[in-house]
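J.: For reference, the chains in residue letters:
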Amino acid sequence: MPRQVYVLLIIGVCGICTASLMAQEVSPEKVNEVANAQMLLASLTFPANQPMAFVQRQRNPLLRNISEQQGILSKDDAGLHMQVITPREERRTIHQGKVSLSRQRMDRRTHTLRTVTRASQLQIDNPTHLVLLVLEALLTGDDAFVQSHFNIALITAGRTWQLELKPKQPELREQLSRIQLSGYDSHLRTFRSEHGDIAEANRWMEVVIDNPACCSSRNSP
Amino acid sequence: MLRLQVSYDLTAFLPPPSTPAQSVLSDRLGQGPGTQLIFVALSDKQATEVQAIAAQIRSSAHFSRVLPEEVPITKQAIPQSLWRHRLLLGDLPDNAEQWQEILAQRTDDLMFGGDQDLLQLIAADPSFLALEAIDRFGSAVADPTFHFADQHILLVQSRAAGFDIEAQTAAVSALRAILGSDDQVKLYGSPVYGVDLQATVRQEATLFSVAASIALLIFVIFRFRTWHRVLGVALPVACGAAAGVCALTLAFDTTHGITLAFGFTLLGIAIDYPLHVYSHQLEKDENTHLWPTMRLGIASTLVAYIAFLFSGTEGLQQLGLFASVGIIVAALVCAFLTARPTGPEATNSPVDLPSEAIAEPQRDSQLTFLPSLAVATVGIIGLLNTSLFADDLSTLTPVDPAILETDVQLRASMGVTDARYIISIHTQTLEENLQANESIVEQFYGLLTSGLLEGFRSISEILPSQATQQRRVDLLQHSQALKRFNEAADAAGFQPEAFAPFTDLWRAWQQNPKSLSIDDLKQDPQLNALVESSLYENQAGWTGLIYLQGIHSVTALQAEVAQIPSATLIDLKATANSMVAGYRERLLTLLGLALAVVTVLIGSQLRLMRALWSLSTVAATVLFTGAVSAWMQSGLSLFDIMALALVAGLGLDYALFYGLDGDQAQHKATKNSVQVCAISSLLVFSILAFSSIPVLHGLGLTVSVGVSCAYLLARYGRYTKAPN
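Just so you know, the sequences run in chain order A and F. The numbering used here puts the first residue of the first sequence at 1, with every later residue one more than the last. The numbering used here puts the first residue of the second sequence at 1, with every later residue one more than the last.
Because the hints were derived from the structure by calculation, they are not lab data. Fair warning: there could be bad hints in the mix.
As the list claims (entries may be wrong) - The calculated label-pair distances, taken between Cβ atoms and stated as ranges, are:
| no. | chain 1 | residue 1 | chain 2 | residue 2 | range |
| --- | --- | --- | --- | --- | --- |
| 1 | A | Gln169 | F | Ala149 | 37 to 47 Å |
| 2 | A | Gln70 | F | Lys514 | 38 to 48 Å |
| 3 | A | Asn202 | F | Thr74 | 18 to 28 Å |
| 4 | A | Asp77 | F | Ala149 | 30 to 40 Å |
| 5 | A | Asp77 | F | Thr74 | 27 to 37 Å |
| 6 | A | Asn36 | F | Ala96 | 52 to 62 Å |
| 7 | F | Ser479 | A | Gln70 | 31 to 41 Å |
| 8 | F | Gln477 | A | Thr45 | 34 to 44 Å |
| 9 | F | Pro525 | A | Ile124 | 21 to 31 Å |
| 10 | F | Gln116 | A | Val55 | 21 to 31 Å |
| 11 | A | Asp77 | F | Pro401 | 17 to 27 Å |
| 12 | A | Val55 | F | Ala61 | 28 to 38 Å |
| 13 | A | Gln123 | F | Pro525 | 16 to 26 Å |
| 14 | F | Thr74 | A | Pro87 | 51 to 61 Å |
As the list claims (entries may be wrong) - The calculated lysine-lysine pairs, modelled on DSS-like cross-linking and capped at a C-alpha distance of 25 Å, are:
| no. | chain 1 | residue 1 | chain 2 | residue 2 |
| --- | --- | --- | --- | --- |
| 15 | F | Lys522 | A | Lys98 |
| 16 | F | Lys45 | F | Lys186 |
| 17 | F | Lys483 | F | Lys522 |
| 18 | F | Lys522 | F | Lys75 |
| 19 | F | Lys514 | A | Lys98 |
| 20 | A | Lys98 | A | Lys166 |
Cβ coordinates follow ideal geometry from the N, Cα and C atoms, glycine included.
The whole structure should be built from the sequences, with the hints applied where relevant.
T.: Printed below as a string of structure tokens:
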């Protein structure tokens with residue numbers, strides 16, 4: 001075979017190898033994005049003993065409309081507290097992997113109103129529990145928990161940012177599709193979990209925190 | 001002997017119950033829900049470590065449940081028999097307002113996304129009828145805490161029944177293997193105490209038995225110096241025991257462990273037979289009174305042991321049979337082993353006729369009643385000034401009182417059902433019992449509100465009476481009921497088909513309602529044991545049990561229950577004490593009758609003075625020993641009474657021999673033989689008195705004191721007359 005053909009062959013092979021190598025390498029921008037997302041998570045703050053209003057909405061296949069609760073969110077040494085005020089009073093406390101739920105309910109036997117408290121140890125493999133654990137982790141600064149169970153993607157960077165969390169476990173992804181976070185600077189503003197088929201959007205839950213330190217509702221993304 | 005089956009069922013030793021409360025105790029002994037619970041107290045452990053330990057324990061086949069446990073709220077977690085009949089487990093709301101309240105609760109339950117399992121459960125049972133029924137039946141205490149004194153607490157339920165000591169031993173061993181040898185872990189609960197007690201008893205019984213046997217062997221070797229005599233001492237008892245076991249195997253399907261333990265104790269008197277014979281042989285004494293006297297003693301002992309055959313309880317009957325057969329065989333073997341060649345010179349044959357052999361040729365000493373009178377007086381004074389009987393079985397447990405105190409506090413904080421008080425309902429039919437149960441439950445909810453009671457558990461929560469089931473079916477079939485639900489669901493914002501599984505079931509039941517029976521629950525493996533512990537049939541009809549939690553005032557509760565027909569508040573401890581007292585009275589009556597027979601027997605065989613002297617010696621011994629034992633142990637237990645029966649037998653043995661008249665040489669031989677018997681008995685039982693097990697300690701103490709007293713009274717109840 002003539003010499004020129006050999007040279008062309010070698011150049012061609014080198015070119016193919018280089019192209020494939022370039023396709024596999026992570027781009028510097030991608031590396032920076034993950035690092036920024038992790039730094040953002042790590043920087044989130046929620047001040048202790050400073051109650052803030054929150055609105056929680058949910059969309060559920062059993063319900064025709066979006067249901068809504070409003071209340072006060074606070075944090076202290078005993079955990080993260082969500083005091084629901086409307087439409088019905090309820091107090092949720094999440095602390096060290098455990099949720100305590102107190103409600104007033106009518107006892108159908110004694111016909112008296114009494115407070116019923118149920119305490120549950122939250123299980124990581126339960127999607128509903130995982131949502132609560134993530135919320136507590138975010139608001140108590142436990143970003144290591146979030147990073148260990150979720151893949152984190154930075155959707156929007158800047159003072160007003162958006163993050164997306166997807167469960168690492170495939171079994172969980174079938175039920176808990178993703179969690180979307182948005183905020184301003186180091187303050188979490190919106191927490192939204194989506195379950196099932198994202199496209200159908202018939203099962204999601206959203207908590208919007210009204211943090212006067214960072215922003216009002218007009219700053220929401 | 002190879003067919004011997006040993007059981008540890010305590011009911012074999014209980015007398016037949018004479019009251020409904022005693023029937024419940026007898027029926028449920030070792031089977032209540034608390035008998036399977038083990039508390040694991042963990043110090044200096046993180047929550048994650050505790051969860052890991054709990055997970056390990058759950059994976060073991062020995063345990064059915066470990067709390068705290070996050071039971072998923074899914075229909076798969078609900079026993080199928082209850083899920084299929086959930087429409088019967090509670091009253092559905094009969095108005096729109098109540099439905100709105102319930103559906104609002106369900107909306108709130110869904111607020112954090114709601115996984116598929118929860119959605120399916122709500123869709124099929126929006127009123128949570130099944131879950132709430134299980135909740136009411138499983139634990140009526142709102143919030144059991146799993147922390148106690150800075151410790152994490154795990155509540156472990158063993159699969160083994162409370163009285164099945166073998167299975168409990170395996171379970172506790174498995175638990176200890178999981179926990180390792182960690183000083184920061186402590187175990188509480190009756191399975192643990194029972195297993196540890198059995199191990200301690202076995203260890204101590206073996207240790208003390210071996211020690212006593214070695215001591216006796218050394219003594220016998222020292223005394224007789226020849227191997228054939230040493231063997232001759234051991235063989236009669238060994239043969240007697242073997243014969244006793246054979247008799248038990250033939251007469252009973254199983255033998256109780258206590259029978260064997262106390263049977264060997266009662267059989268110990270048979271060691272005296274060869275000791276007497278060999279002692280006399282060593283002194284070269286051709287005492288013609290030997291075997292006739294021994295036969296009289298054997299007959300008297302047999303009368304007492306045969307009395308047990310009429311006790312009415314299988315355990316005591318076994319004891320009587322074992323001891324009686326053992327004594328007879330031991331005596332025969334002793335006679336065979338120690339028989340000398342017959343001939344004109346044979347004057348020590350066991351087959352001499354008693355009336356001729358008990359003639360006294362010479363008198364150089366005289367019997368006196370003074371020592372017996374004095375000792376009896378002391379004994380009577382002592383008995384009058386001390387607690388005579390100890391009927392509280394809890395005093396017999398060697399468990400540290402501090403541990404028991406912690407146990408009580410743990411149970412209270414965990415919301416475990418009360419171990420002492422229980423409500424029982426006796427009726428002729430099952431339906432009557434369930435209706436009575438429901439009526440009591442309605443009233444007890446008022447006690448919850450008033451704070452008198454913190455919780456209770458009734459079978460009617462998961463097994464409504466037929467009348468209640470019919471009432472609920474009637475509501476389902478009401479033409480407007482389903483329509484009201486659909487309207488309420490629509491008003492609450494639910495999708496039209498959100499509750500399709502529930503409404504479909506409702507419509508099906510309108511056409512073809514089902515009924516829930518006790519057999520449905522018993523066939524469910526998740527519920528069988530719970531149902532059996534709460535409702536059972538016996539010869540008298542049906543008995544329902546309601547377990548209580550957090551009683552704040554027993555007196556007030558008694559007053560409330562007294563107003564409820566068909567319900568009885570049972571104090572299990574007082575009932576057990578009353579059974580023990582009744583048992584004791586029965587035993588004392590039997591022994592009293594035996595004493596009367598023995599008195600007639602001895603009176604017919606001996607001269608009046610000698611008979612009176614022998615019996616007074618025995619009586620004084622029993623009175624004095626009883627007083628000392630009652631004083632030192634705050635009362636005589638049943639086991640102490642059995643030990644006194646043994647003391648009486650030994651004392652009669654010494655008195656019969658010391659009461660013999662004879663020359664100096666014969667008296668010396670008699671004295672030595674009785675001395676040998678007394679020393680051997682004292683040696684064995686004084687070693688036992690050092691045991692930490694109250695029963696063994698009491699037995700050793702009672703017999704040691706009794707043997708000493710009987711020997712000294714017999715020894716010093718005869719004085720040598722001054723020469724003229």
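J.: Name the hints, by number, that the structure is in violation of.
T.: Numbers 4, 8, 11, 12, 14, 15, 17 and 19, in rising order.
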